[in-house]
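These are the residues of each chain, in order.
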Amino acid sequence: MAAVTERSKLSYLLWPALAWMVALIFFFPIFYLVLTSFKTDADAVKPELLFWFTPTLENYTNMTQNYD
Amino acid sequence: MSNRTLPRLLQTPAVILLLVWMLVPLSMTLYFSFIRYVLNNTRRPEWTKPALENWRGFGNYEYVLNAKDFWFAIQNSVFIVASILVLTVVLGLAIAVLINRTFPGRGIVRVLLISPFFVMPAVNAVLWINMILDPVLGLQGIAVGGMNNLVDGMRDFPVLGAFFSLWPELEPISFRATQTSAYAVIMMVTWQWTPFAVLIFMTSLQSEDESQKEAATLDGASPWSQFINLTVPHLARPIAIVVMIQSIFHLSLYAEIEIVSRGNGNKNLPYLIGEFANNNIGAASATGIFAVILANIIAIFLLRMVGKSLMD
Numbered sequence: 001m002a003a004v005t006e007r008s009k010l011s012y013l014l015w016p017a018l019a020w021m022v023a024l025i026f027f028f029p030i031f032y033l034v035l036t037s038f039k040t041d042a043d044a045v046k047p048e049l050l051f052w053f054t055p056t057l058e059n060y061t062n063m064t065q066n067y068d
Numbered sequence: 001m002s003n004r005t006l007p008r009l010l011q012t013p014a015v016i017l018l019l020v021w022m023l024v025p026l027s028m029t030l031y032f033s034f035i036r037y038v039l040n041n042t043r044r045p046e047w048t049k050p051a052l053e054n055w056r057g058f059g060n061y062e063y064v065l066n067a068k069d070f071w072f073a074i075q076n077s078v079f080i081v082a083s084i085l086v087l088t089v090v091l092g093l094a095i096a097v098l099i100n101r102t103f104p105g106r107g108i109v110r111v112l113l114i115s116p117f118f119v120m121p122a123v124n125a126v127l128w129i130n131m132i133l134d135p136v137l138g139l140q141g142i143a144v145g146g147m148n149n150l151v152d153g154m155r156d157f158p159v160l161g162a163f164f165s166l167w168p169e170l171e172p173i174s175f176r177a178t179q180t181s182a183y184a185v186i187m188m189v190t191w192q193w194t195p196f197a198v199l200i201f202m203t204s205l206q207s208e209d210e211s212q213k214e215a216a217t218l219d220g221a222s223p224w225s226q227f228i229n230l231t232v233p234h235l236a237r238p239i240a241i242v243v244m245i246q247s248i249f250h251l252s253l254y255a256e257i258e259i260v261s262r263g264n265g266n267k268n269l270p271y272l273i274g275e276f277a278n279n280n281i282g283a284a285s286a287t288g289i290f291a292v293i294l295a296n297i298i299a300i301f302l303l304r305m306v307g308k309s310l311m312d
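Read top to bottom, the protein sequences are chains A and B. Position 7 of the first sequence, counting from 1, maps to 7 under my numbering, and the rest follow consecutively. Position 298 of the second sequence, counting from 1, maps to 298 under my numbering, and the rest follow consecutively.
Read the hints as simulated data drawn from the structure, not as lab findings. Keep in mind that this is a model prediction, so the values were computed, not measured. Positions of the beta carbon are idealized from the N, C-alpha and C atoms, including for glycine. A few of these clues could be false.
To be verified - Ranges of calculated distance between the beta carbons of each label pair, as one might list FRET restraints:
{"#": "1", "chain 1": "B", "residue 1": "211", "chain 2": "A", "residue 2": "54", "range": "50 to 60 Å"}
{"#": "2", "chain 1": "B", "residue 1": "49", "chain 2": "A", "residue 2": "53", "range": "55 to 65 Å"}
{"#": "3", "chain 1": "A", "residue 1": "35", "chain 2": "B", "residue 2": "262", "range": "37 to 47 Å"}
{"#": "4", "chain 1": "A", "residue 1": "64", "chain 2": "B", "residue 2": "255", "range": "50 to 60 Å"}
{"#": "5", "chain 1": "B", "residue 1": "208", "chain 2": "A", "residue 2": "11", "range": "28 to 38 Å"}
{"#": "6", "chain 1": "B", "residue 1": "147", "chain 2": "A", "residue 2": "11", "range": "46 to 56 Å"}
{"#": "7", "chain 1": "B", "residue 1": "159", "chain 2": "A", "residue 2": "42", "range": "20 to 30 Å"}
{"#": "8", "chain 1": "B", "residue 1": "151", "chain 2": "A", "residue 2": "54", "range": "28 to 38 Å"}
{"#": "9", "chain 1": "B", "residue 1": "216", "chain 2": "A", "residue 2": "48", "range": "47 to 57 Å"}
{"#": "10", "chain 1": "B", "residue 1": "308", "chain 2": "A", "residue 2": "35", "range": "45 to 55 Å"}
{"#": "11", "chain 1": "A", "residue 1": "34", "chain 2": "B", "residue 2": "216", "range": "38 to 48 Å"}
{"#": "12", "chain 1": "A", "residue 1": "8", "chain 2": "B", "residue 2": "25", "range": "53 to 63 Å"}
As the list claims (entries may be wrong) - Just so you have them, the derived chain A footprint on chain B, three or more residues with Cβ under 8 Å:
{"#": "13", "segment": "112-119"}
{"#": "14", "segment": "221-231"}
{"#": "15", "segment": "288-297"}
To be verified - Computed, partial: chain A to chain B, Cβ under 7 Å:
{"#": "16", "residue": "14"}
{"#": "17", "residue": "17"}
{"#": "18", "residue": "23"}
{"#": "19", "residue": "51"}
{"#": "20", "residue": "55"}
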């Protein structure tokens with residue numbers, strides 16, 4: 001059954017965009033967590049290296065060695 | 001007659017197991033709360049055994065009631081649980097209504113929204129307190145520092161400079177002080193449990209009556225009044241269930257408090273039990289019994305609410 005009311009073009013764009021924004025904001029801490037796991041210990045605390053850095057797998061390989 | 005005995009016989013092992021699981025820890029806690037039982041005491045080594053001779057009566061309860069952090073811990077527990085409840089239910093309702101319509105990428109949006117729920121509590125705590133809320137090294141510090149630099153740069157502008165020179169130098173908030181660490185805990189647990197509320201509200205929003213809403217729109221009802229008068233009463237039962245489950249769970253919050261507030265004075269009831277249990281098992285058990293009483297009071301209130309909404 002077709003919708004009885006007419007929605008403006010804006011509302012067709014606005015609510016999905018808002019939903020995407022909220023979803024990305026909620027997901028961002030997890031994304032940041034995974035991103036930081038690819039940085040070295042020294043790089044992890046430098047603010048200028050927030051998103052542009054050289055990734056490394058050293059944390060994953062050192063996980064079992066340094067765990068005592 | 002045999003129709004009833006066979007099912008009951010088959011259920012008996014499970015019921016016995018559940019009874020044992022429930023009664024044994026509870027009765028041990030009760031017993032320990034009435035005796036003197038410590039783990040280390042060089043002057044009175046007889047107190048290190050949970051023997052009946054160390055019977056103390058209500059002495060442990062008096063000690064706990066007069067401990068300096070007890071009432072603060074209860075107050076703090078209730079404050080934290082109430083804040084988390086309000087925030088997750090309101091946010092969960094809003095987000096569930098927002099993603100209720102079909103739009104491109106709705107499946108991905110749902111997965112992204114539910115993902116915080118699967119992070120472990122300790123990881124959640126470390127992530128928020130060290131990587132996001134840290135005043136120097138975390139995102140908060142970077143954001144505030146960046147904004148300060150931006151405002152500093154704007155002070156030299158000809159016209160707007162006057163406005164920006166009045167702008168104060170913002171300082172990042174340290175979330176490790178006593179009160180602010182409570183806010184940090186509320187933030188991280190809200191982030192983690194809003195997806196739970198969103199899930200439950202989302203599924204029950206899908207059982208809503210579309211034709212009723214269209215009739216309301218025909219009669220000229222605005223979307224907001226449709227929300228208040230149609231959607232929210234329809235969701236009364238899921239809201240009650242979410243409130244009940246979350247409050248019982250959040251009363252036993254431990255990992256976040258331990259990692260965020262270790263030693264800075266912010267406590268809640270499970271953390272207080274852990275503190276007592278370093279040495280004084282008797283006092284810890286007494287506090288545990290108090291926690292059971294508090295949880296039962298809250299559960300009785302909530303069951304009444306759920307029962308009322310379930311009856312209509």
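Which of the numbered hints above does this structure break? Going through the list in order, the structure violates hints 3, 4, 5, 6, 7, 14, 15, 16, 17, 19 and 20 and respects the others.
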